[in-house]
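Next come the chains, spelled out residue by residue.
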Amino acid sequence: MTRLALDPAAVALEMAEFSRRMALAGQQFAALDVGAEQHATRSEAFRIDKTVLWHYAPTAKDAGLAPLVICYALVNRPTMLDLQPDRSLIRGLLARGLDVWLVDWGYPDAGDRGLSLDDYVNRYLGACLDHVRAARGVPGVNLLGVCQGGTLSICHAALHPERVRNLVAMVTPVDFHTEDNLLARWARKLDADGLVDALGNVPGAMLNAAFLALRPLGLTVGKYAALAAIAEDREALANFLRMERWIHDSPDQAGAAFREFMRDFFRENRLVRGGLAIGGRPVDPRRIACPVLNVYALRDHLVPPSASKPLAGLTGSRDYGSFEFDGGHIGIYVSRSAQELLPRTIAQWLASR
Amino acid sequence: MTADNPFGDPDFVRRTLTAYTQQLGALAAGAAGQRLVRAGERLASLGADIASDAFARLSSRLADEAPGGAPPITSLAALHALWVECGDAAWQAGAGREEFAEAQAEYLSALAALGATARP
Numbered sequence: 001m002t003r004l005a006l007d008p009a010a011v012a013l014e015m016a017e018f019s020r021r022m023a024l025a026g027q028q029f030a031a032l033d034v035g036a037e038q039h040a041t042r043s044e045a046f047r048i049d050k051t052v053l054w055h056y057a058p059t060a061k062d063a064g065l066a067p068l069v070i071c072y073a074l075v076n077r078p079t080m081l082d083l084q085p086d087r088s089l090i091r092g093l094l095a096r097g098l099d100v101w102l103v104d105w106g107y108p109d110a111g112d113r114g115l116s117l118d119d120y121v122n123r124y125l126g127a128c129l130d131h132v133r134a135a136r137g138v139p140g141v142n143l144l145g146v147c148q149g150g151t152l153s154i155c156h157a158a159l160h161p162e163r164v165r166n167l168v169a170m171v172t173p174v175d176f177h178t179e180d181n182l183l184a185r186w187a188r189k190l191d192a193d194g195l196v197d198a199l200g201n202v203p204g205a206m207l208n209a210a211f212l213a214l215r216p217l218g219l220t221v222g223k224y225a226a227l228a229a230i231a232e233d234r235e236a237l238a239n240f241l242r243m244e245r246w247i248h249d250s251p252d253q254a255g256a257a258f259r260e261f262m263r264d265f266f267r268e269n270r271l272v273r274g275g276l277a278i279g280g281r282p283v284d285p286r287r288i289a290c291p292v293l294n295v296y297a298l299r300d301h302l303v304p305p306s307a308s309k310p311l312a313g314l315t316g317s318r319d320y321g322s323f324e325f326d327g328g329h330i331g332i333y334v335s336r337s338a339q340e341l342l343p344r345t346i347a348q349w350l351a352s353r
Numbered sequence: 001m002t003a004d005n006p007f008g009d010p011d012f013v014r015r016t017l018t019a020y021t022q023q024l025g026a027l028a029a030g031a032a033g034q035r036l037v038r039a040g041e042r043l044a045s046l047g048a049d050i051a052s053d054a055f056a057r058l059s060s061r062l063a064d065e066a067p068g069g070a071p072p073i074t075s076l077a078a079l080h081a082l083w084v085e086c087g088d089a090a091w092q093a094g095a096g097r098e099e100f101a102e103a104q105a106e107y108l109s110a111l112a113a114l115g116a117t118a119r120p
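Chains A and B are the protein sequences, given in the same order.
The letter at position 227 of the first sequence is residue 227 when you use our numbering, and the numbering goes up by one with no holes.
The letter at position 17 of the second sequence is residue 17 when you use our numbering, and the numbering goes up by one with no holes.
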């Protein structure tokens with residue numbers, strides 16, 4: 001007995017309709033222009049090498065909070081935080097009167113192969129935070145680290161606790177050795193030294209392939225077949241194209257930093273097990289005494305909650321909170337439900353401290 | 001079942017993928033190329049096992065074995081969705097094994113090493 005109950009005539013009609021809709025989607029794509037970035041109004045406030053600190057123009061009455069500096073991951077681009085006007089964590093934060101700044105690492109090239117975690121965590125991030133502190137005349141900022149940027153932010157807060165007033169970690173890997181972390185399982189076996197020796201920088205396309213390979217059918221054929229369902233919705237197609245552009249807009253990874261990150265975090269899990277040092281200085285998360293908010297996504301296939309939750313017992317903070325988002329690693333930025341929920345949660349948490 | 005659908009036959013998938021990597025090997029001279037061929041063959045073999053598992057999962061889901069009976073599948077869209085689900089589930093199981101992680105890592109290292117030999 002089989003569950004298959006396909007009627008040949010109905011299947012033929014379904015195929016014809018599917019083909020019609022996919023052809024329509026193709027025609028719509030050709031007429032869409034999503035080339036221009038949709039980000040909120042911002043200006044370059046500071047630059048050090050290829051790292052740019054953006055400052056966003058306020059859109060609401062100042063909430064009177066310390067400036068919020070967002071530290072994104074080295075992989076992929078921060079475009080995802082402000083994809084389009086109606087899908088934007090940054091606009092949501094601005095609408096609540098926050099003073100928003102963004103650290104943009106840029107695109108490392110062959111000349112950057114020697115950049116290390118010390119450069120990113122201490123030199124670049126430190127210079128950006130110092131710029132904001134000086135510009136606003138405050139001793140410490142609110143630091144929001146996203147994904148790998150959260151890991152870097154934790155390290156920075158541990159090394160320079162005086163610069164961070166409150167720390168928010170969003171979909172951030174902390175424990176790299178949890179059972180359900182497929183990406184980490186693969187990464188542990190990778191000969192990162194050999195890759196860097198051979199390639200210099202690690203191509204973003206290689207990392208992209210690894211991310212897609214975590215769910216190879218759902219993230220490829222499944223996703224593209226689903227285009228038929230939105231073929232007549234120009235806004236949904238435009239959103240799809242912007243997402244595709246973000247997915248494939250992957251900066252290469254500076255070789256030295258990649259080598260260190262693979263060794264210290266993926267392979268030896270030093271943030272949790274101890275023994276982590278950056279720039280010759282030990283990174284002890286217990287030195288983080290400021291309030292900490294840990295935001296993670298329950299259906300995150302890239303950074304499973306099991307990898308984020310251990311932040312709870314890691315720092316020296318007596319004011320630790322967590323927020324579980326019912327969605328995935330990307331949905332936490334761009335899903336409709338996130339648009340109101342996430343900025344409100346973060347803004348309220350900051351305002352209450 | 002495998003006679004009707006060659007993708008359910010692990011040997012068919014293994015042969016096809018192996019032939020592809022052997023073609024790569026014919027193009028690439030030297031030890032780096034041979035290393036890539038060996039790594040590709042190992043990865044292809046594990047990939048064939050995953051493909052076979054995916055097909056077995058799909059076959060099982062298509063068989064009406066659930067108590068009370070699962071709902072019938074009346075559209076290609078539903079069949080496609082089930083195939084994606086079974087394929088990704090098989091992938092999670094197979095690609096999560098240490099053996100696969102090692103094979104994949106060796107393939108990437110071999111690929112990088114071959115790339116390095118091709119550069120002036």
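Think of the hints as simulated: they come from the structure by calculation, not from any bench.
The beta carbon of each residue, even a glycine, is placed where N, CA and C say it ideally should be.
Some clues are possibly wrong.
To be verified - With beta-carbon atoms standing in for the labels, derived distance ranges:
| # | chain 1 | residue 1 | chain 2 | residue 2 | range |
| --- | --- | --- | --- | --- | --- |
| 1 | A | 208 | B | 99 | 45 to 51 Å |
| 2 | A | 336 | B | 77 | 45 to 51 Å |
| 3 | B | 77 | A | 180 | 28 to 34 Å |
| 4 | B | 59 | A | 9 | 24 to 30 Å |
| 5 | A | 162 | B | 116 | 42 to 48 Å |
| 6 | B | 59 | A | 232 | 47 to 53 Å |
| 7 | B | 93 | A | 208 | 55 to 61 Å |
| 8 | A | 213 | B | 16 | 16 to 22 Å |
What the hints assert, rightly or not - Rough simulated footprint, nothing fancy, chain A against chain B, three-plus residues with beta-carbon under 8 Å:
| # | region |
| --- | --- |
| 9 | 71-78 |
| 10 | 90-102 |
As the list claims (entries may be wrong) - Which chain B residues stay away from chain A? Per the calculated CB distances, all over 12 Å, these:
| # | residue |
| --- | --- |
| 11 | 10 |
| 12 | 12 |
| 13 | 17 |
| 14 | 61 |
| 15 | 105 |
| 16 | 112 |
Over 12 Å from every CB of chain A: does residue 112 (chain B) meet that, or does the non-interface label fail?
4 Å, violated
Against the range 45 to 51 Å, how does the distance between the Cβ atoms of residue 336 (chain A) and residue 77 (chain B) compare: consistent or not?
23 Å, violated
Are residue 213 (chain A) and residue 16 (chain B) spaced within 16 to 22 Å by their CB atoms?
For residue 213 (chain A) and residue 16 (chain B) the Cβ distance comes to about 19 Å; the hint holds.
If you check the beta carbons of residue 93 (chain B) and residue 208 (chain A), does the distance land in 55 to 61 Å?
23 Å, violated
Note whether the CB distance of residue 77 (chain B) and residue 180 (chain A) lies within 28 to 34 Å or breaks it.
29 Å, holds
Would you check whether the claim that residue 105 (chain B) is not at the interface survives, using Cβ distances to chain A and the 12 Å cut-off?
Non-interface label fails for residue 105 (chain B): nearest chain A Cβ at 4 Å, not farther than 12 Å.
Verdict on residue 61 (chain B) as a residue remote from chain A, using beta-carbon distances over 12 Å
8 Å, violated
Return holds or violated for the Cβ distance of residue 59 (chain B) and residue 9 (chain A) against the range 24 to 30 Å.
Distance hint for residue 59 (chain B), residue 9 (chain A) holds at roughly 25 Å.
Looking at residue 12 (chain B) again, its CB stays over 12 Å from all of chain A?
19 Å, holds
Has the hinted range 45 to 51 Å been met by the Cβ atoms of residue 208 (chain A) and residue 99 (chain B)?
At roughly 24 Å between Cβ atoms, residue 99 (chain B) and residue 208 (chain A) fall outside 45 to 51 Å, so the hint is violated.
Mind checking, does the region 90-102 of chain B have 3 or more residues with a CB under 8 Å from chain A?
holds (count 7)
Claimed clearance of chain A by residue 10 (chain B), with the beta carbon kept past 12 Å
The claim holds: residue 10 (chain B) sits with its nearest Cβ about 18 Å from chain A, beyond 12 Å.
Checked against the numbered hints given earlier, the structure breaks hints 1, 2, 6, 7, 14, 15 and 16 and satisfies all the rest.
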